[in-house]
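Participant: Sequence:
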Amino acid sequence: MSFRYFKHWLRFTSIQSIVILALMSISHLSTAFAQTNPKGGIDWILVVDTSASMRGVGGTKNIFDQVKNSITEFVNTARLGDTVTIYSFDKDVTLNANDITITSNPDRGKLKQIISSLQAQGMRTHTGKAVQMALEHSALLNQRPDALGRTVSIVFLTDGVEDVRGISNPVPIPSNTEFLRHQQCKPYIFFVSLYHFTKNMIHIVSGASLTKNNVSGS
11 MSFRYFKHWL RFTSIQSIVI LALMSISHLS TAFAQTNPKG GIDWILVVDT SASMRGVGGT
71 KNIFDQVKNS ITEFVNTARL GDTVTIYSFD KDVTLNANDI TITSNPDRGK LKQIISSLQA
131 QGMRTHTGKA VQMALEHSAL LNQRPDALGR TVSIVFLTDG VEDVRGISNP VPIPSNTEFL
191 RHQQCKPYIF FVSLYHFTKN MIHIVSGASL TKNNVSGS
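My numbering numbers the first residue of the sequence shown as 11 and each following residue consecutively.
Hint data in this document are derived by calculation from the structure and do not stem from the laboratory.
Watch out, some of these pointers could steer you wrong.
[As the list claims (entries may be wrong)] Restraint ranges, calculated between C-beta atoms of paired labels, are given here:
| no. | residue 1 | residue 2 | range |
| --- | --- | --- | --- |
| 1 | Gly119 | His192 | 32 to 40 Å |
| 2 | Ser178 | Lys122 | 32 to 40 Å |
| 3 | Glu83 | Gln129 | 18 to 26 Å |
| 4 | Pro116 | Val171 | 19 to 27 Å |
[As the list claims (entries may be wrong)] As a list, the in silico DSSO-like pairs of lysine-lysine whose alpha-carbon atoms are at most 27 Å apart:
| no. | residue 1 | residue 2 |
| --- | --- | --- |
| 5 | Lys71 | Lys122 |
| 6 | Lys101 | Lys71 |
| 7 | Lys122 | Lys101 |
| 8 | Lys101 | Lys120 |
Idealized CB from N, CA, C, for every residue including glycine.
Model the full structure from these sequences, guided by the hints.
Facilitator: In structure tokens form, the structure reads like this:
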């Protein structure tokens, strides 16, 4: 498919289809990385923007239900033995699911309930703190006794740029660079931007393993 027709396809394809395509591509890529070691296994950290703009406040598209449906489809395809952690972020960052190991369908069901309960009602978009929390979580995962041979993949789902107006002592996105640089086992980091990619995000990937999916939903 040529780039010209690919852009045309994106323009007339639903957000849900685009996000599913991005997540499935990330999943296949991360699985390939994990299979280089017979122990394998992927520890997923999903970081979801829950600012009000995700549901159309401020004149943007209401894409939040489609994003949640896409994450649910992703959970359906995660492999047995994978773990899933879910953070949501707007003005602050919330840990919604902590290292849930997928061993059976009830585990997937628990994750789906958590995803369904997410609401996009927050003010502001504190992306820097979300990045910080995800990186700190990945560092903890890499300290586990069974970490050898596993892969940590962090996926950010957001619709726009950082907005920290009124937040005291905000965490700048580039401030995470140093922490990431000193991680012995660096995570794979994916940004799925549903509007436009934040320029500052480029700074945090220095020294990291990064695949970027920049998808326009406009």
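Participant: Each hint: holds or not?
Facilitator: Right, here's what the structure says about each hint:
1. Gly119 x His192: 32 to 40 Å: holds, 38 Å
2. Ser178 x Lys122: 32 to 40 Å: With Cβ atoms ~35 Å apart, the hint holds.
3. Glu83 x Gln129: 18 to 26 Å: holds, 20 Å
4. Pro116 x Val171: 19 to 27 Å: violated, 38 Å
5. Lys71 x Lys122: Holds, at about 23 Å.
6. Lys101 x Lys71: holds, 20 Å
7. Lys122 x Lys101: The hint holds at about 24 Å.
8. Lys101 x Lys120: holds, 26 Å
Consistency note: the structure conflicts with earlier hint 4 alone.
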